[in-house]
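*Asks:* Next come the chains, spelled out residue by residue.
2 protein chains.
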Amino acid sequence: MTDKYIEIERKFLVKTLPDLSNAQKTYIHQGYLTRSSDSVEVRLRQKDEQYFITVKSGSGMVRSEREISIDQKQFKTLWPATQEKRIEKHRWTGQLNTLQTFELDIFMGELESLVLVEVEFSSTQQAENFQPADWFGREVTADKRYKNKALAMDHQAIEAGY
Amino acid sequence: MTDKYIEIERKFLVKTLPDLSNAQKTYIHQGYLTRSSDSVEVRLRQKDEQYFITVKSGSGMVRSEREISIDQKQFKTLWPATQEKRIEKHRWTGQLNTLQTFELDIFMGELESLVLVEVEFSSTQQAENFQPADWFGREVTADKRYKNKALAMDHQAIEAGY
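Note that the protein sequences, when read in sequence, are chains A and B. For the first sequence, numbering that gives the first Met the number 0 begins at 0 and goes up steadily by one. For the second sequence, numbering that gives the first Met the number 0 begins at 0 and goes up steadily by one.
Hints in this document: simulated from the structure, not taken from any laboratory. Each hint should be verified, as a subset may be incorrect.
Identical chains share a label here; the pair holds if one copy fits it or two copies do between them.
Cross-link-like lysine-lysine pairs, in silico, BS3-like; alpha carbons within 27 Å at most [unchecked claim]:
#1 LYS24 to LYS148
#2 LYS55 to LYS148
#3 LYS14 to LYS75
#4 LYS10 to LYS55
#5 LYS55 to LYS72
#6 LYS143 to LYS72
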């Protein structure tokens, strides 16, 4: 069990792909057993050759996140139950000139034209002072349609363009 | 994955405990990650020293049930997320004089006074012709309050007595 910590993140669309030659590529395939309106979020995730079940429950101050590793066979048994609630993407993890780590997600499948970049900060002040690089597009941090869960369950909700 | 088959079962309260000397005892501790109103049912179950995650989804003709075995460590990581949605019982599996198999559940914890017995049949005709033994109490087959999920999530819903 990992108690949920507070994440300070900003999320942006991507205007042009940056140089990714020093970034690390991970294949991510995730699907949800639950729907947005359910009382709990149960997610299956493949990260390259690793497989996980993650349970997120609660709200406000009492949110918690619990995750277990499972093997490929276990994953494949449950995976069909995530039908129509899936995301497939390559995540490129790299470093900005301003030294923060970025995670750039290039979506596949129905979301193929979508690219998002996320930067995590250790304080709200750092987050506020952040100067996005040239290749960053419009900020979508507060736009719930760009949350992974929303992207998985309601592909039509997002706009094209950056 | 096991596709859900049609179960023909009748469930009863228990007037007096029968002779269980030839019955097999199993400890069952199960909890739900989801709530009754959610779109899917995700259940954790310990059966003696075996541990499972079961996902039941769909409704009507397209119901499906998928189950994986997990180890004790995985179980313990996710178990806290089932808080207040749990059932603990001993299940005694035995044979009636009429040769059908019965499953008698003796509940523990908040449901301690509750004992239920279930008999599964291979046809509706067999189910209709079934003559309950003397120790069977009131039939609760159609009473949704006696479903495991309802018992786990709403202890107050059931009546005392048989």
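*Asks:* One pair to classify: LYS143 and LYS72, alpha carbons no more than 27 Å apart. Within, between, both, or neither?
*Replies:* Neither. Shortest intra-copy (33 Å) and inter-copy (34 Å) distances fail the 27 Å Cα cut-off.
*Asks:* With identical chains, the pair LYS14 and LYS75 could be close in the same copy or across copies; at 27 Å between alpha carbons, which is it: within, between, both, or neither?
*Replies:* neither (36 Å within a copy, 44 Å between copies)
*Asks:* Measure nothing new, just compare the shortest in-copy and cross-copy C-alpha distances for LYS24 and LYS148 to 27 Å and report within, between, both or neither.
*Replies:* Answer is within: at 21 Å inside a copy they meet the 27 Å cutoff, but 42 Å across does not.
*Asks:* Which holds for LYS10 with LYS55 at a C-alpha limit of 27 Å: within a copy, between copies, both or neither?
*Replies:* within (21 Å within a copy, 35 Å between copies)
*Asks:* Could you place LYS55 and LYS148 in one of the four classes (within, between, both, neither) given a Cα distance threshold of 27 Å?
*Replies:* Both ways: LYS55 and LYS148 sit 12 Å apart in one copy and 20 Å across, limit 27 Å.
*Asks:* One pair to classify: LYS55 and LYS72, alpha carbons no more than 27 Å apart. Within, between, both, or neither?
*Replies:* Both ways: LYS55 and LYS72 sit 23 Å apart in one copy and 18 Å across, limit 27 Å.
Violation of the numbered hints given earlier is confined to hints 3 and 6; the remaining hints are satisfied by the structure.
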